[in-house]
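Residue numbers (the numbering used here), protein chains in the order written: chain A, 1 to 415; chain B, 1001 to 1102; chain C, 2001 to 2203.
Treat the hints with caution; some may be incorrect.
[Claimed, not checked] Interface residues of chain B toward chain C, partial, derived using beta-carbon atoms under 8 Å:
no., residue
1, L1005
2, A1013
3, V1020
4, C1022
5, V1032
6, V1036
7, V1039
8, I1048
9, K1052
10, I1062
11, F1066
12, A1072
13, A1075
14, I1081
[To be verified] Some chain C residues well away from chain A (every beta-carbon gap over 12 Å; in silico):
no., residue
15, G2070
16, S2093
17, G2117
18, S2174
19, R2189
[As the list claims (entries may be wrong)] Okay, the calculated beta carbon distance ranges per label pair:
no., chain 1, residue 1, chain 2, residue 2, range
20, A, H40, B, I1081, 45 to 53 Å
21, C, L2018, A, G70, 40 to 48 Å
22, A, F318, C, Q2116, 42 to 50 Å
23, A, A373, B, N1088, 55 to 63 Å
24, B, E1074, A, K102, 31 to 39 Å
Hints in this document: simulated from the structure, not taken from any laboratory.
By construction, the Cβ of each residue, glycine as well, lies at the ideal position given by its N, Cα and C atoms.
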Amino acid sequence: MMLAAQSIAGFLEGLVGDTFSGWGIQHVLAAAIHAVLLVHAFALSPFLFIWLERKVSGRIQDRLGPTRVGGLFGWLQSLADGIKLVQKEDLCPPAADAMLFKSAPYFVCIASFAAFVVLPFSSGWVAVTADCGLFIILAVLSLEVFGIIMAGYSSGSKWSLFGGMREAAQMVSYEIPLAICALVPIVAAGSLNLGEIGGMQRGGIQNWFIFHDPFTFVAFFVYFVVATASCKRAPFDLAEAESELVGGFHTEYSGIRWSFFFMGEYASMFAVCGIAGILFLGGWNTGLGPIDELLYAARNNSVDSPIGSYLANVIGAFVFVLKGSAGVFVQIWLRWTLPRLRIDQVMTTCLKYLIPISCFLFLGATIWPLLLATATQRSSWTPEPLGARFAAEVQEAETTEAFERQALNDGEEIQ
Amino acid sequence: MIAGLQAYLLVGAVLFVCGVICMATKRNGIGVLMGVELVLNGANVNFIAFSKYTALGLDAQIFALFVIVLAAAEAAVALAIALNFYNNHLTIDVDKANRLKG
Amino acid sequence: MNDSNLLGGQLLFAIFALATCLSAVAVVVSQTVVRMAFWLVISLGSTAALFFLADADFIGAAQLIIYVGGTLILLVFGVMLTASSPYLKIKSSPGETIIGGLLGLLFMFAVFSSLQGVEWPAPPTGDSAVTAGSPEGNTLRPLGLALLGARPDLDLHDGDTLSTGYLLPFEIVSVHLLVVLIGAAYLARAKRKSAAPAEGLES
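Throw the hints in and build the complete structure from the sequences for me.
Have a look at this one:
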């Protein structure tokens, strides 16, 4: 694993000097700076999206939504809510298992925060560059369920327990199509590294993986439906179904612990939409060929003009956040438009429709390049054939190794 | 050097021993299952340590992967058995499972 | 981890190793099964962090998604389905607990002393098999190729035609998982023969 903060670390190395460099203090500092930046990204997204949710729901219901706190658009409403929630009494019902009850919200929060660690905001703007970034992010997001189940079970209330059970059943099922749909563009990309996947879609909207082949096009919509369900958003919010289960898993929670659940929920909404943005919608690329090339050139020119490279990354991050937020907006829109499904309908949708569809898409995506190659008599249609690419890597490694050995032998002979 | 092979093996040993005690002392069937998970996990920690610090390399990681997958399979079957046992006896106490013909 | 990163690496190792061991002990000590599951999640999650620290990214992520995200949720689900009363406690008798604890300590001592007694071979300097092509835990591609039967990370000698990959075990595990899927579904199918239905979830 590599801290992508090499630049920050390098900068600090110059600052701290040689005194502490043996201790690796600059790496620790760089890690701390990254952590602080990430916490901001994590904390600000719920702040923004809760306000957005209120505004959008207001508009959909022909209301204005919040207008008072923070000017005409009420954009400080989330802050006001937060202050109110902090002040509320932190209740723990006597029937609850206190230790589990109190730690469950943190579990949810930690899981969805950890997803941001491998989510790239722009080319190279990622806390941890991992070769299997997509796999890690899906793994971490799947932990969130455990907090919900804990909350449901430990509350000592039947409504909470029902919510927790529903969440467990729903999530264990929906993780399967989620992972398979995420694999469909991976077949086209040949990498699980989110940074690499984003970089591949440079140079115009036709390079976005959603337009790569018919299967990825359908997979995007299936992924979005499944991702909505995996964030337990309406119409799949059976875990909290307030019309039948009072509040579902969070019935007994109040104050700041209650708000932790929602911070986790909104943050993971952004995380799954961000994944959709990177996998299907070009990541931080604008989709306009010439502009993309211009930004790419500026980004890679960090030696001559560091500020230009930085600005290009800022624009990339802005585009990425815009795409992620658009996804969240659609999820909010769906929530206030569609009625809630029944639990058996939710399970049927997943097990009888979404899983077969996603399996079919995955199969199709693997066969598609072969079919296309046969039909058009070209050797391969993938931009960079996987086998060839890996063979090249291996050969490169071997030649450098052989070269080094040769050099070593030469050196020994000379001595 | 603290975080060497020895340290990883110690962690693996603690997990293993905790798992064995858990399997031996818990009377709840699902608790016994959790003990099995701990034991397998202790083995995995050792595999990963060997992968990093010895010449075993990638093979150890593949073994660990197989252990994880087989543990999942084992948990699914054992849980099905536990559910069946509960349906028949209305308890999950493994000490009550003392008849062959249930 | 390069050398200048040693401090952070060791600190993280210490934190996660401690979390792993303490929550493993907590699993043994706790009485209610859901608390056991909770501590088990923390223990297994910290183990995944240890895997990340040991440059095994893929195994760490697999540990998280399969063990913590899948198996343990299944276990908790099982706990909920088999609870005959809320916060069910099935206590062992004190004598058994003491004997178990003593035997455990003895066992721990035996394992530790044998650990200290073994002279481990010195770690390979420079390029071990895993870190040859990818020094930073990017084992994804070599792992995938090994599961398909190709081993670019090994130096095969010239006359060595034997495949050192894991294609056959991989296939066997796949079929095994399918069998388990069907078998578990068959075993756990609803066939309530007992007169009194399970009312544990209601009470």
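Verification of the supplied hints:
no. : hint                          : verdict
1   : L1005                         : holds (6 Å)
2   : A1013                         : holds (5 Å)
3   : V1020                         : holds (7 Å)
4   : C1022                         : holds (5 Å)
5   : V1032                         : violated (10 Å)
6   : V1036                         : violated (11 Å)
7   : V1039                         : violated (10 Å)
8   : I1048                         : holds (5 Å)
9   : K1052                         : holds (4 Å)
10  : I1062                         : holds (5 Å)
11  : F1066                         : holds (6 Å)
12  : A1072                         : holds (5 Å)
13  : A1075                         : holds (5 Å)
14  : I1081                         : holds (6 Å)
15  : G2070                         : violated (7 Å)
16  : S2093                         : holds (24 Å)
17  : G2117                         : holds (33 Å)
18  : S2174                         : holds (14 Å)
19  : R2189                         : holds (15 Å)
20  : A:H40 to B:I1081: 45 to 53 Å  : holds (49 Å)
21  : C:L2018 to A:G70: 40 to 48 Å  : holds (44 Å)
22  : A:F318 to C:Q2116: 42 to 50 Å : violated (57 Å)
23  : A:A373 to B:N1088: 55 to 63 Å : holds (57 Å)
24  : B:E1074 to A:K102: 31 to 39 Å : holds (32 Å)
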